[in-house]
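Letter by letter, the chains look like this.
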Amino acid sequence: MSDNSLNNLPGGFKGMTHDMGSDQTAFKGVQWGKVMMWIFLLSDTFIFSCFLISYMKGRTSTVMDWPNTSEVFSLHVGNVPVPLLLIAIMTFVLITSSGTMALAVKYGYEKNRKMCGWLILATAIGGLTFVGMQVFEWSKLIHEGVRPWENPFGAKQFGSFFFMITGFHGTHVSIGVIFLFIYARKVFRGDFDNGKRGFFTTMKSDYVAIEILGLYWHFVDLVWVFIFAFFYLW
Amino acid sequence: MHPGIIFLGVIIGSVLFHIFTPWWWTDIASNWGAMDDTINLTFWIGGGVFVLVCLFMVYCIFMFSYKEGRNVEYKPEDHKLEKILTIATTVGVIALLAPGLIVYNNYINTPKDALQVEVNAWQWGWQYRLPGEDGILGTAQVAKITDDNPFGINLDDPNGKDDILIEDDVLHLKTNRPVKILLRSLDVLHNYYVPQFRAKMDAIPGILTYYWFEPNKIGEYEVLCAEYCGVGHYAMRAKVIVESEDNYQKWINEQETFSDLIAKQENDKLKITIVAKSNN
Amino acid sequence: MVNKIMDETQNKEQATTHKIGIYLWIWGLLFVLSFFSYMVDWFAFQGLLRWTLILIFMFLKAGLIMAFFMHLFWERYALVNVLLWPMTAIACFIILMAAEAKYTVFTRLLYFFIGG
Amino acid sequence: MSDEYNQENKPLEAQSSETMSGTPSKDIDYVRPAELPEQDLYHGHSFITKWIFCQDAKVIGVQYFLTAVFTGIVGLVLSWLMRLQLGYPELVPFITAEHYYQFVTMHGMIMVVYFLTALFLGGFGNYLIPLMVGARDMVFPYVNMVSFWMFFIAVCVLMASFFVPGGPTGAGWTLYPPQAILPGTPGSNMGIILMLVSLSLFVIGFTMGGLNYIITILQARTRGMTLMRMPLTIWGIFTATALAMLAFPALLVSCIMMTLDKMLETSFFMPTILQAGEVLDYGGGSPILFQHLFWFFGHPEVYIVALPAFGIVSDLISVHARKNIFGYRMMVWAIVGIGALSFFVWAHHMYVSGMNPWFGFFFATTTLIIAVPTALKVYNWIITLFRANIRMNTVMLFCLGFIVTFVNGGITGIFLGNVAVDIPLSDTYFVIAHFHMVMGIAPLMVIMGAVYHWFPLVTGRMLSEKLGKWHFWFTFLGAYSIYFPMHYLGFIGVPRRYFEMYDSPYVTSATGMNEFITVAALIVGFSQLIFIYNIVASLSIGKPAGKNPWKANSLEWLTPEVPPAHGNWGEKLPVIHRWPYDFNVPGAKEDYITQTTPPSEVISAEVEKT
Ligand code: HEA
Ligand code: HEA
Ligand code: CUA
Ligand SMILES: [Cu+2]
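Residue numbers (the numbering used here), protein chains in the order written: chain A, 1 to 234; chain B, 235 to 514; chain C, 515 to 630; chain D, 631 to 1240.
Bound-form chain A, shown alone (with noise of 0.2 Å):
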């Protein structure tokens, strides 16, 4: 019955049409765990969508001037104000990680546990200085006075959506990298390796959660790239 085992599967629009016709599965060879964080990752694409639309559109509406954000997110090196350094440091820091996410993810399915250990550490560590810089940028803004009530360079919306969006942006990362340490752990325990059951699910461990843990890492990346484009370039 080779003709419906999952490696002789059509591809393309064909293989659509044919999985939703068939039976069981309507993603052919995709974990459960793998439909539901992209699933979840649509979702959550919807929640940063609104919040990026009422930002167009508050931004937009808003009579008041809205601050030039290359001046206000600029950094001093020595005396010269460099635009957006920060913000195009945290980019590439945020890159970097996805990158090494990418690579744990490569070396979790080849059951290379050393690698995919120190890949995942090394993304938990960029996310931390993600963090810890957006946390320095934060505290610039409000010694510059700027608040979620208030700023005096303009528009009011500018502090309010700045801080909930970047906040929440960065929620996503402080829980994803909480997740990366955990999983560093258990990578390097081996739970991977021999299938313990995890603490709260009661759900037998696999590299899968590698996979899957890496689509939240680099949707959170995902979303920090329109942030970038829509609330500093613009």
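Certain hints may be false.
[Stated by the list, open to error] Below, simulated DSSO-like cross-link-like pairs (lysine-lysine); rule was C-alpha separation at most 27 Å, straight line:
1) A:K14 - D:K1239
2) B:K301 - B:K395
3) D:K1177 - B:K301
[As the list claims (entries may be wrong)] Residues of chain D placed beyond 12 Å of chain B at every Cβ, according to the derived structure:
4) G717
5) V734
6) L894
7) N954
8) N1010
9) T1014
10) M1022
11) L1030
12) K1177
13) P1193
Quick caveat, the hints were computed from the structure, so don't treat them as lab data. Backbone N, C-alpha and C define an ideal beta-carbon position, used for all residues, glycine too.
Place chains B, C and D with the ligands on chain A using the hints.
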């Protein structure tokens, strides 16, 4: 009793209720008769479909209630029938939508000669501002509202000086002259709604909204606030008086303009200072 | 026969790991693209040019992350479609809200500041 | 520890053995072998793990059901209080305007979100999905359990708001700012905050449940269960859940932003506002933005409560009319199409809200387009009745009641969707009548019918038919006579959310009708006692149901044990050979062929291939 009879009764009852109901819309007093017509059209098409669908259902339950060994049709699909029904419904929908959109197009395009009336809503009351001789309302902002400037008119806007301020909830309108109602709110959402005029629109703080109509029947009408605005919502009434050109002119001449108000206030201040001085 | 399926499932898993080169390439590209978007601000491009560049780089980056880091490129089309079609609702929302925002600011300026 | 789980991952063999056996019928009965290994289930042993923190979707379903019905009853009592005030002002002295608005708000929010959504998706969804698609349980039982408890906490927070200083929020269920968080509205301090927190918790909890429902349906069906063989109930619940996953984010975002506006005085939704002569610290925000976000959630939300009802009613009609549902494919596409379209019509609630006036054209068009797939569903229901063999039992009566009320309410929806017609009718009792017809009664009819239908499955006993019929007629005729006349209040122009109508000339003419409606509402409400009595009494004295008392085809009736045990299917998962609507197939011995019947057993029947 067979349940079908009761269902039949419900349908017939609904139709009879509709025909003999003592509750029906108030006599229209504006140009929006077209809205009533679209409602009637919808009643005919929609009501017709409702009656047909329900009658067919009643027919089925009369004819096909359970009998051991009844010959039941086994036909999962009938593409032709489904196609016919889809097309028929689409036609029905278009027949409803097309006139509706035409009316709506009229509703959002105000005639050039419309009189402007600005309605100011607040928790929980109304006041009005009419343009003066120049026919233009001055710009205004909530932030500029003070006791001396109850409408928040921008003092440096020359158009605002001759605006007529009506700090009262009774509004007078001329018959047969389109009015454009410009809605402002000082605090929360409200809605300036006169059932006889059919038209309505929310007043929203922070932006300005509008609608227009042409009152065509002399009389007094009650204004209801039709957007929930807090505990006083139900009590937020006002009055519109539609009257002839002459009466309207008389009324408008009695009203105070913004410059009158300022002058009066200057006067009052002067008086106060004089009094204060004389007391010294 | 059962073993065969199990084997194939395993093979499938093997198939989800890819050559390291791909990841490094994508990684590099992401850095380059980020650098480009940063340059948009650095050179202070304005107007249409700025927006086109920002959006192009943004979508390229987002696409690369989704396609390769998140493996969407290798995923079954059924899943890809389920994930991407809902974005039309977001697109509709964005377009309408942009129109709404323009309208709001128009009435604000007209009636609160400029006068007509 | 190991006996808390099934045997360590049984290999695929456990399920695929059937096709391996070399019976002659092999060819026509062939079903693809299993793709998934046996699911690993956690079996609780103590009372707490079995009934409280239970991971069995069936128990979770019942927990959801009971909690939701509790909130529904709270909502019902609130509606009596409102009706008393409207029909007989000043009769009940403690109903002040503040209280009235709090009742309206809590009534609306409870009924829509905490009652109907939770009941359909949390209650029916949990119970039926694994059974109907042939899974042992939801795919993530633990998350599913947490989902219920999140919902439970959300309900507790909601109910707590009745007891905080200032009382619950009285902002209307739409919670429009700025008034929702300003002092002119009752409960604008603690009340509104608790409401927003509760909604956020609800969304989080629901997301956990929703992921389960979606993935169980997509990825954990049994062998032979293709998407096009799923009962329409599952299609309805599935699409509704998908809508919820995409619509609730907008609600969550608007809740977060409003909470910030309230607590931190940000100005997302707050423009410059004058309160009691003072200009507040807000400025520049946009109340319309909230409305867009709210309705981007809100309109899909009303279909979230309608689609499961559509699905369930299709199954009930088919089973009790002993005939296949007409146009199954069309029904599926209609459900999915309605779901997809519902994201493009939200601003039909905002025709008179002062949004960009040009939107009216777009939204009127999309709104009326939705009527086409909906109409097809209605046609298919009634065509199913044509040349059928209709059991006129309680379940069928509720289905018929659903059709009448739904068509009525749907058509009034067409009035409102057509923007020029909506202008005079918006924010009047016509809207109230529309949505109670289409949401307040029609889905409730389905819920009640569904309870009569599935009660034997859940408890093993039948409900009393006699009481059921009384219950039906009281509810249907009563509710119809509440809402049918109410449309005409709207024509007169009576605005909604009016604490008192008193002195307006055209409003006073409706006093009589208001009194009548109040009496009818009280009767309908109290007649639910018949229902509750029926349920409680039947638990012990009801006729034992036995297996498959309705002679239905779908999987949930075919478990080895009735009521089904944890894990649902005993040793071996069922294998599906057909859709669930093979009733009265020509040539078949009986008037139904269950989904598990292999073709070789009904060789002579002329079944259509599905
Ligand atoms: C279950 C819930 C539910 C459902 C299914 C619907 C269905 C529909 N609703 Fe309703 N609606 C609500 C719940 C629901 N609604 C609620 C809760 C509110 C108020 C919220 C608030 O403000 O508090 C509301 C308000 C509301 C408004 C806003 C009114 C206002 O505030 O001014 C509008 C306007 O377009 C509308 C339209 C529609 C339409 C076009 C449908 C359509 O889907 C109906 C389609 C069905 C049919 C058309 C009937 C069957 C068809 C036939 C028999 C075929 C023949 C028909 C024709 C040819 C026309 N609804
Ligand atoms: C599903 C939703 C739902 C349901 C069932 C109801 C049921 C009822 N509603 Fe409600 N209502 C709303 C949703 C609902 N309502 C909403 C969203 C609003 C708008 C709020 C706002 O403006 O902010 C509203 C507003 C509203 C108003 C307008 C208030 C105003 O604008 O001033 C009125 C007035 O008469 C009213 C009356 C009633 C009555 C008399 C009933 C019922 O009494 C009708 C009869 C009841 C039943 C037939 C059975 C009920 C049974 C149960 C609840 C549980 C039992 C179930 C089991 C045991 C399984 N409702
Ligand atoms: Cu003002 Cu309601
Ligand atoms: Cu709607």
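Does D:K1239 lie within 27 Å of A:K14 when you go C-alpha to C-alpha?
Holds, because 22 Å separates the two Cα atoms, which is no more than 27 Å.
Are D:K1177 and B:K301 close enough, with their CA atoms no more than 27 Å apart?
holds (23 Å)
Determine whether the non-interface label on D:K1177 survives the test: each CB of chain B must be over 12 Å from its CB.
holds (21 Å)
Non-interface claim for D:T1014, where every Cβ of chain B lies beyond 12 Å
It is violated; D:T1014 is separated from chain B by about 9 Å at its closest Cβ, not greater than 12 Å.
Run the C-beta distances from D:P1193 to all of chain B and say if the shortest one exceeds 12 Å.
holds (27 Å)
Non-interface claim for D:N954: all C-beta distances to chain B beyond 12 Å?
Violated: least Cβ distance 5 Å, not greater than 12 Å.
Minimum Cβ distance from D:G717 to chain B greater than 12 Å, as the annotation requires
holds (15 Å)
Are the Cα positions of B:K301 and B:K395 separated by 27 Å at most?
violated (84 Å)
No chain B beta carbon within 12 Å of D:M1022's
For D:M1022, whose nearest Cβ neighbour in chain B is about 5 Å away, the distance does not exceed 12 Å, so it is violated.
Please settle this one: D:L1030 was flagged as non-interface, so is its CB more than 12 Å from every CB on chain B?
violated (6 Å)
So is D:N1010 really clear of chain B, every C-beta pair being over 12 Å apart?
Its Cβ does come within 12 Å of chain B, the nearest being 8 Å, so this is violated.
Check on D:V734 being off the interface with chain B, judged by Cβ distance over 12 Å
violated (9 Å)
Hint compliance for this structure: hints 2, 5, 7, 8, 9, 10, 11 are not met, and every other hint is.
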